[in-house]
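**Student:** Sequence:
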Amino acid sequence: MTFFRSAPATETALREPPRWAWLAFPPVLIVVQYAIRYYDSATYRLLFESEVGIVELATPAVLVVAIAAGGAALRYRGRFPGAWLNLWVPLVTLACFYFAGEELSWGQPSSAGRPGVFEYD
Numbered sequence: 001m002t003f004f005r006s007a008p009a010t011e012t013a014l015r016e017p018p019r020w021a022w023l024a025f026p027p028v029l030i031v032v033q034y035a036i037r038y039y040d041s042a043t044y045r046l047l048f049e050s051e052v053g054i055v056e057l058a059t060p061a062v063l064v065v066a067i068a069a070g071g072a073a074l075r076y077r078g079r080f081p082g083a084w085l086n087l088w089v090p091l092v093t094l095a096c097f098y099f100a101g102e103e104l105s106w107g108q109p110s111s112a113g114r115p116g117v118f119e120y121d
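Take the sequence shown: its letters are residues 1 to 121, numbered as in my numbering.
Bear in mind the hints are in silico, worked out from the structure with no lab data behind them.
Any given hint might turn out to be false.
To be verified - Have a look at the derived ranges for each label pair, beta carbon to beta carbon:
1) 23 with 62: 39 to 49 Å
2) 99 with 27: 38 to 48 Å
3) 53 with 79: 14 to 24 Å
4) 42 with 95: 28 to 38 Å
5) 35 with 105: 42 to 52 Å
6) 37 with 79: 42 to 52 Å
7) 46 with 84: 41 to 51 Å
8) 79 with 46: 38 to 48 Å
9) 23 with 77: 25 to 35 Å
10) 40 with 97: 34 to 44 Å
Nothing here was measured: the structure is a model prediction, and the numbers come from that model.
Positions of the beta carbon are idealized from the N, C-alpha and C atoms, including for glycine.
Make the full structure from the sequences, and use the hints.
**Tutor:** Take a look at the structure:
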């Protein structure tokens with residue numbers, strides 16, 4: 001008769017939060033965003049609405065991680081559980097590349113404030 005739980009179950013329970021805990025993350029972000037907007041609208045505009053705000057800079061960062069994950073997944077292309085993934089993974093990886101480039105405006109923010117950069121005679 002044993003009085004202790006198995007080690008892997010105990011270690012897993014200590015390392016991982018409950019799955020339902022992730023449900024609180026999006027509402028908390030929304031509350032924080034609206035609290036910042038209510039208390040300091042200038043900071044809100046700088047952080048969330050400007051071209052150098054959190055949303056504009058975090059989106060391409062997340063997409064670069066997705067591109068890396070897609071590239072890593074492509075190494076295991078022959079072992080995907082479904083044949084349709086052989087087409088889907090490269091397409092989504094390319095879509096992430098395009099979306100990241102669009103979010104970064106393909107280098108246009110670096111020319112902001114310099115008139116005439118994109119003008120032609």
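**Student:** Please go over all the hints and tell whether each is borne out by the structure.
**Tutor:** Verification of the supplied hints:
At roughly 20 Å, the beta-carbon separation of residue 23 and residue 62 lies outside the given 39 to 49 Å, and the hint is violated. Checked against the hint of 38 to 48 Å, the pair residue 99 and residue 27 fails, with Cβ atoms roughly 26 Å apart. The hinted window of 14 to 24 Å between residue 53 and residue 79 is violated, with their beta carbons roughly 40 Å apart. Look at residue 42 against residue 95: about 35 Å separates their beta carbons, and that is inside 28 to 38 Å.
Taken as a hint, the range 42 to 52 Å is violated for the pair residue 35 and residue 105, whose Cβ atoms sit roughly 30 Å apart. Checked against the hint of 42 to 52 Å, the pair residue 37 and residue 79 passes, with Cβ atoms roughly 47 Å apart. At roughly 43 Å, the beta-carbon separation of residue 46 and residue 84 lies within the given 41 to 51 Å, and the hint holds. At about 46 Å, the CB distance of residue 79 to residue 46 agrees with the hint of 38 to 48 Å.
Restraint check, residue 23 to residue 77: a C-beta distance of roughly 34 Å satisfies the suggested window 25 to 35 Å. For the hinted restraint 34 to 44 Å between residue 40 and residue 97, the CB-CB distance of approximately 36 Å keeps it satisfied.
In the structure shown, a violation is registered for the earlier hints numbered 1, 2, 3 and 5, in ascending order.
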